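J.: Assembly of the complex is requested from the two constituent chains, each provided in isolation within its own frame, with the hints serving as guidance.
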Amino acid sequence: MTRLADTASRWGFMTPAFLILLAVLAYPIAYTIEISFAELDLGTFLPSAWVGWDNYELVLTDERFWHSMKVTTVYLAFAMPLQMVLGFAIAFLINAEWRGRGAVRALFLIPMVVAPVVAGGLWRMMLDPLWGITNYLLGLIGIGPFDWFGDSVLGMVTIILIDTWRWTPFVTLIATAGLLSLPRDVFEAAEIDGANWWVMLHRITLPLLVPIIAAAFVVRWLGAVKMFDIVLASTLGGPGRATNVINLFIYQEAFRGLKFAESAAMSVVVLIITMVLTGIFLRGTRYLEQRY
Amino acid sequence: MSAHRSTKGRVSRRTVISGIAATTAASVATRAAHAAPGDGGGLGTAEAPVSIRMAANDAFAKLWQTVLVPEFNKKFPHIKVTIDGLPYSEHLTKSLLDLTGQSPAYDIILNDDPWTPQLAQTGALLDLKKDCAAWTDADFDWNDFYPAPLAASEWKGVQYGVPLRSNMLLMFYNRTHYKKAGLPEPTPKLTWAEFMAQAPKLVQDVKGEGKVNAWAVGTYFARDQLTPTIWQAILNSNGGKLLDQNGKPLFNSPAGVASLQTFVDLLKYAPPGAKSYVFNEELTAFRQGQIATMFMWGSVFRGTAIDPASTTLKPDEVGVQVMPVGSAGPGTHRGIWSGEISRKSQFPRASWALLQWMASKEGERFSAANVGSFPARRSTIAGTPDPAWLTPVFATLNQAYEVAGKGEMWRPRLAKSDAVQQVLADEVARATAGELSPADALKNAAARIEKLRL
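One line per chain: the protein sequences are C and H, in this order.
Note that the numbering used here numbers the first sequence so that position 17 is 17, with each residue one more than the last.
Note that the numbering used here numbers the second sequence so that position 453 is 453, with each residue one more than the last.
Next comes chain H alone, as it looks inside the complex (with noise of 0.2 Å):
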């Protein structure tokens, strides 16, 4: 697409939001390096305390606001946290139109995955390392970090953020259909050939009623843009890649086929209805004992195997690992949510005290304890978790994190990221759906990928 014509008339308006933009980014600059005393630094004080805003998810920013802003509280008694929960269709549209908006309503926006280069093009978010610097904690210790979830909020070398929730898809088994099975318990070591020669099994009845009542696998399967995540975790275990560093697709390939067909063929044992599983369907056949396995992100195992309100499983039921072995290794998907700060924040210090707090080292602990998000850090995950269940969980969180670094597990990070992932969720929606053959869906998506210039 090209310009036509000259944006002429458009240009004082453009300059006037320049101006705007520059005068706030200035008076951050201010800011930092000179934070009022009187108002504790920016910190608030008894007199003056600071009200900030974070955009958060809504399936947890509830249980933040309740549970963890009050423990925050019990060190930065005068800085007044309110979580907004954000509906995850909505979250990246909004939290844009907030960054880049003349008085944003949020001084921090959580940020899933593959959002940080969209947000980040913006210019509107401060850079932690730098902008923050003179704020950040001498034990604030960045290299605990994993990489992987790190580099999820890094975009072109400036770090945007920090992980605040770490999830990975995982494997999640019923130990009592592999054993009604007669099959052995699934490893770490288990590969994809190994897994589709088991599914067959699988299938069966565990009740004793004379019919097929359980099936060998549940993920998502419908039109949506999670959906391709497990089909790249498949590629990805079997060393293929979706794009090169040019944004030019690479999945189109002999390996890119064999891994949707795969992933279509797991369709054959899944439950009847499966092509219109999201996050919730697979979920609840699993916690019904309906399914053997699922592909999953690992945050659910509290309600999975733990919680009796949600799950009709034991805990000694339910095996969690990484997802099977392809040619190149073990598969995982990298899902973090990451908290950053608006460049226009009226309080950046505030917000980076909050951040800091969710992401240290006792952050981490009492997040994990306390509302279930999981950890970054080397240290959290090699510490003894509270409570024990999480004992295999952070194994299994510590074989996933080294894996996804290792093989770049993770959506497209680009500035049009979503974009490519509605293409692949359509053109994988086709294949599953039974409208095209993998092959002929590839070729579309890398077409209409090569359209997106990216």
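Okay, chain C solo, but in the shape it has when bound (with noise of 0.2 Å):
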């Protein structure tokens, strides 16, 4: 009797969670998978004709879902490396101890807490080949001038810029974290053994850092497959098709052309791919806690 109770409380304490995440998760989730079978009926915003799978046939030979997932893949291949190098590397700097470092962790979150829309049309005035401070910057050392927006390659660079300028502080902070929690004994034998800077972080502060470095990939991954406001805000996906990054893509196609049913469609096979290979990574992360 006493376990039934008990298994009853608890379940009345998290009913109400579970009812809200059914509400506000779940049900998006059923709807887009629901639509992505139909054709939707855009006086009632219901489905109207079950389709079977040719909402997937029509995204899955669309040149342009597949042109939008390379432009995503490079954004990612880029973008992912730059941010975790340079967030570990501005970790170690910030971990060692100099004046003024408590300012620049303060400072650090700036970027963070900026809404992506004002960032993106803060580096758009920036990077303005006519009126932008960077190019004349630049230009003060010889360098330039450059079409940042205008260039397909540029533009790239640009996104690739701002995502970093945004999200590297947020892997410093991890880094940072992971930083302070290495034990300080491992640290004090190896200086008694002779060891030097490079060799500790060589072969005890990297290996310790491992399941660190894989968490903070694998969540900075989950943000940066969301890739989208940055992009509306600052090239909308140009020059030509050079930034339309696979969100912006379905956005356009669902908010623009009205294909909501083809779009949902993108979404699934879009969310599959990133569960997948979510997986992947936690798979690899546990790989790498466990041989550390």
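No wet-lab data here; the hints were simulated from the structure.
Everything numeric in this text was worked out from a predicted model, so none of it was measured.
It cannot be assumed that every hint is accurate.
[Said to hold, decoys possible] Okay, the calculated bits of chain C under chain H, using three or more residues with CB under 8 Å as the criterion: (1) 142-151; (2) 246-257.
[Claimed, not checked] With a cut-off of at most 27 Å between alpha-carbon atoms, the simulated DSSO-like pairs for lysine-lysine come out as follows: (3) Lys179/H with Lys211/H; (4) Lys80/H with Lys94/H; (5) Lys62/H with Lys75/H; (6) Lys156/H with Lys451/H; (7) Lys80/H with Lys130/H; (8) Lys211/H with Lys180/H; (9) Lys226/C with Lys94/H; (10) Lys70/C with Lys94/H; (11) Lys70/C with Lys211/H.
Where is the CB? At the ideal position from N, CA and C, for every residue including glycine.
T.: Below you can see the structure in the form of structure tokens.
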């Protein structure tokens, strides 16, 4: 009886959270999946006819969808390693004792709290070829001028730059916490044994940090695959379609093209790919945790 | 796309919704016939005022709320009006969701030029000439509107809205730049060939710095739904059209390719970074004296030529006219915001009272003078504008309305018009970025639009 009451009370406490999660998470996903197999009646926003796999067939044979996936892959392939390396490098610097370290730490949080649309707008102004400060400063040392938003390669560089500016502090925060949690005695023993800074970094710090690095990578990955707002606020996916990341493509197809059903199918495909890759990364993380 | 299975499982839900819609429609009709005297016949009383809500664009919603509504309330003191500003990028979707919801938040939807068919197809808008006929003032003169702006809110023979903020794509020019370049001041007879021939001279040093600091032209070039309107204006001025009456693309033609090439060539004489220009960038460049011409919506005239808080130019420096002449005549492009009433509005009469006042001769004059909205009535345009700086603007609008009506210079008027516009935005952007030739870009666009099954 006591056990039954205990179970009942546990479920009683969990039910509100469960219902809220069901409403805000499960329902939208279920609705997206439902309309991805249907035609959507814009008069009622309800599925009007079941079309089977037709929407998926259209999406998977659409060259534009795969192009956007390619653009997203390029962005992730450059942005993720850059942010991880920079984030941990800055954490090492901040971790060392030097005057003004506290102020720098505080300043580092600013990019993270700036709204992405504001960040995109700010960078758009700074990188403007006519009025922007970036070209002016580069011009002082004889570099440029660059058409940051008018060139396909520079357009992608710009997106990676803005994203890195925004999210490196996040990686730095995680890395700093990880560095502070490392056992001091190991480093003291290595110092007594005559290990220099490089050996300690290479042989002790990095191996001990591997689980932290892996966890930070997975968390950052989950944020990065959602890349949308910065592109919308800065390049609109251009020039041409050079920065047309998948989420912007889906948004434009859905809310501009009013192709909600096909866009739902795209979202499901992206969701599955993301889940599979996240699963792989998580397994990798567990493997590294066990190894180190 | 074909239906593989029946929709049996959804019949009940759709039936319920259809039932609700039918009941609501019947209720509106009943209200129309027998407006309750207790609430002032739908216009509210001192004891029981009515409240209506309008979804407008966030660029001017606040101004309308603070300037137009108090003026309207002098005539209709018992109608409380709330105007919400929606961001342009979400305006259509939010309007669609609201109109088709069971309890819409908005009585009035402000609708951009190409959107009426998309909203009207849901059956959620009132037919103003029929459903609101009993409440229409005797002196509300429908025939006084220019046909082009009024047609923006008409679909399949039904008038769903009235023009509240009319706009046309025009050519703005800086007289100082033309003078400095030794070129004659543009006239409405300027052709595209002449414009392109003059453009290299307009890339010049206007500040005596010994380097180029002013360019010939700025306009929409980025990957945006409004960018193709510039190319379309060139196409229309050459007698070309986007689509035929069945929605089949007509633009993939030698005239279409030549027009797109002209548009792409404009970039040669545009400032660095112009490929990413949308609304704000060319506007700022022109207002700061960095470009000699811009193809832009007429409504920016005040902030560009008159208001020293937003421009470095003097009023007599700025000229405005229709876009250059092609083989068929001058070009322009229509951009009308129309007010439309939700069929599920609790207060359709009060909503129509507001729209009617805003679109009336009196309302138009007040709006033109106080909130900078351009009129759509012949009588307002023909009258003496107050303030006087509107005189050249009204003259240009008069020509632009006639030109637009004659050449059907507007975006596709279809239930899928935004889908068409997005395709054009994508492919025109690829041409301006140099990813594709104009011919290949239009070929792609035509193939994609064919697939939309308009």
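J.: Hints broken by the structure, by number, lowest first?
T.: Hints 10, 11 contradicted; others consistent.
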